[in-house]
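Protein chains in written order, with the numbering used here: chain L, 1 to 219; chain U, 1001 to 1243.
Worth flagging that the hints you see were computed from the coordinates, not collected in a lab. Keep in mind the model is a prediction, meaning the values are calculated, not measured. Careful: at least some of the hints might be erroneous.
Below, a list of computed lysine to any residue pairs in the SDA-like style, where the Cα atoms sit at most 20 Å apart [what the hints assert, rightly or not]:
{"id": "1", "chain 1": "L", "residue 1": "100", "chain 2": "U", "residue 2": "1159"}
{"id": "2", "chain 1": "L", "residue 1": "104", "chain 2": "U", "residue 2": "1179"}
{"id": "3", "chain 1": "L", "residue 1": "104", "chain 2": "U", "residue 2": "1162"}
{"id": "4", "chain 1": "L", "residue 1": "104", "chain 2": "U", "residue 2": "1173"}
{"id": "5", "chain 1": "L", "residue 1": "104", "chain 2": "U", "residue 2": "1177"}
{"id": "6", "chain 1": "L", "residue 1": "100", "chain 2": "U", "residue 2": "1035"}
{"id": "7", "chain 1": "L", "residue 1": "104", "chain 2": "U", "residue 2": "1035"}
{"id": "8", "chain 1": "U", "residue 1": "1035", "chain 2": "U", "residue 2": "1085"}
Now the in silico label distances, taken between C-beta atoms and shown as ranges [as the list claims (entries may be wrong)]:
{"id": "9", "chain 1": "U", "residue 1": "1154", "chain 2": "L", "residue 2": "39", "range": "55 to 63 Å"}
{"id": "10", "chain 1": "L", "residue 1": "97", "chain 2": "U", "residue 2": "1110", "range": "38 to 46 Å"}
{"id": "11", "chain 1": "L", "residue 1": "201", "chain 2": "U", "residue 2": "1177", "range": "48 to 56 Å"}
We put the CB at the ideal spot given by N, CA and C, even for glycine.
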Amino acid sequence: MGTNLLVIQNVGRQIQGKWIWKHLNFELHPGERCAIVGEAGAGKTLLLRAIAALDPIQSGSIQFQGKGLSDWFVPRYRTQVLYLHQRPALLEGTVEQNLKAVYKLSMYRTLKPYPEQRSRILEYLSILGRSEDFLDLPYHALSGGEAQIAAFLRALLCSPSILLFDEPTASLDARTEQQFESLVRLWQQEDPIRSYFWTSHNPEQLERMTDRRLILKRL
Amino acid sequence: MTAYVLIDNGQLALAAMLILINLILSIVLQLRLEKQLWIASVRMTVQLLLVGYILKWIFTLQSPLLVLAVTLVMALLAGQSAIARTKRSYRGMFWNSFVSIFASSALMIGAIVTGIIRVEPWYNPQYIIPMLGMILGNALTGTSLALDRFTEDLTVRRDQIESLLAIGATRWEAAQQTIQEAVRTGMIPTINQMMVMGTVSLPGMMTGQIIAGANPTDAVRYQIVLILRSRQEPDLPRSELCY
């Protein structure tokens, strides 16, 4: 199995005949915090989406835990390598209903039932400076930042090994941004294998939150 | 045999005049439907007159293969019409539509001729063709509406569906709500029709049989079998489409 969690080999992404990036090689070790940097349009989001198996790649291969992507059952893979959208779309209903929806998916049948997880969620919420009332907010009443928080909570319930953060704090105020970062640290400390990719336009945040960089240059 | 009033060409023309009322309405209210109304009525008349002759020939067919060929052509046309007026399309849409309609109609008509009405021989075109026509008609409406709703919903709810996929939902789970809505939409017209059947509307087949001299209580039985069968139709294509 080796010591690499994720191996990206020679991958390339082509849109309408034009390469966005190609010949990318990268290894992510367990517990690593990695930044993906590049100008706007360099394909940062596309790379995260490709790693999450949401977009196809036109060349190269991706391996997770020593197994090629094509050997994984994709939904199972996505529970482990989870992409968090820049502008998350939740389902109709309250935040809590959205969290509960995770437990209805077949991939999560083995999780402890939701009521047993609730205290964990409340703990996370208090780190984010929110009370229990947050769970009762309907989706349509959430601000962009609150939706990001709700989607992050949902992702945490899924307990992935790798989280793919796409500008996760773009719509958060400075205070919530800090709280968000502490929650990410806490989540990571819970299990030494947990690692993440992070994109941001804020160099200081990348300094704080990541140890390595993957630089995307425009071709 | 002919216990009914025959309609001659003059009478047909007189009936056609009635469409003039619609034409005038369209002009007065500026609905701009004149052209479509005109084309639709001409098409309808020509198609029906032709089909009268074709049916005459088809009913003489003695070979099961030929009858099956005719049903195949009908299903192909239905599959095509089902996708002709949907707003969005995707690659392979025709085949999805055709296979769904054909497979489900074949199942239904098969059950009717061999299990319920027990026609002898099973391929007797006089039974199979008109009944298949009705079933295909219903399947067509259901499929068309459901497909339209399905593709539209997939587009509108794209982000939601994708965010579910991103946390590990299977394709089926992620699109479940969309699928349910599509099937529901496909079933609405048929449920509505069933609700008013016999009170507001007397179905065409039954009316036809009655005018042709059949005992109304017998005609009703045919109609019920067909309706119950064809009502199950839109489900089948729908559920298949999801794959």
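Do the hints match the structure? See the list:
Among the hinted pairs, residue 100 of chain L with residue 1159 of chain U is consistent with the structure: their alpha-carbon atoms are about 19 Å apart, no more than 20 Å. For the suggested pair residue 104 of chain L and residue 1179 of chain U, the alpha carbons sit about 17 Å apart, so the restraint of at most 20 Å is met. Simply put, residue 104 of chain L and residue 1162 of chain U have alpha-carbon atoms about 16 Å apart, close enough for the 20 Å limit, and the pair holds. Distance restraint check for residue 104 of chain L and residue 1173 of chain U: the Cα-Cα separation of roughly 9 Å lies within the 20 Å cut-off, and the hinted pair is therefore satisfied.
This hinted pair checks out: residue 104 of chain L and residue 1177 of chain U have alpha carbons roughly 13 Å apart, not beyond 20 Å. The hinted pair formed by residue 100 of chain L and residue 1035 of chain U fails the criterion: a straight-line CA distance of about 54 Å is larger than 20 Å. Restraint check for residue 104 of chain L and residue 1035 of chain U: not satisfied, since their Cα atoms lie roughly 52 Å apart, outside the 20 Å limit. Distance hint between residue 1035 of chain U and residue 1085 of chain U is fulfilled; the C-alpha atoms sit about 18 Å from each other, no more than 20 Å.
Remark: the range hint 55 to 63 Å for residue 1154 of chain U to residue 39 of chain L is contradicted by a beta-carbon distance near 32 Å. Residue 97 of chain L and residue 1110 of chain U have their C-beta atoms about 44 Å apart, which keeps the hinted 38 to 46 Å range intact. Judged by the Cβ atoms, the range 48 to 56 Å given for residue 201 of chain L and residue 1177 of chain U is violated: they are separated by roughly 34 Å.
Checked against the numbered hints above, the structure violates hints 6, 7, 9, 11; every other hint is satisfied.
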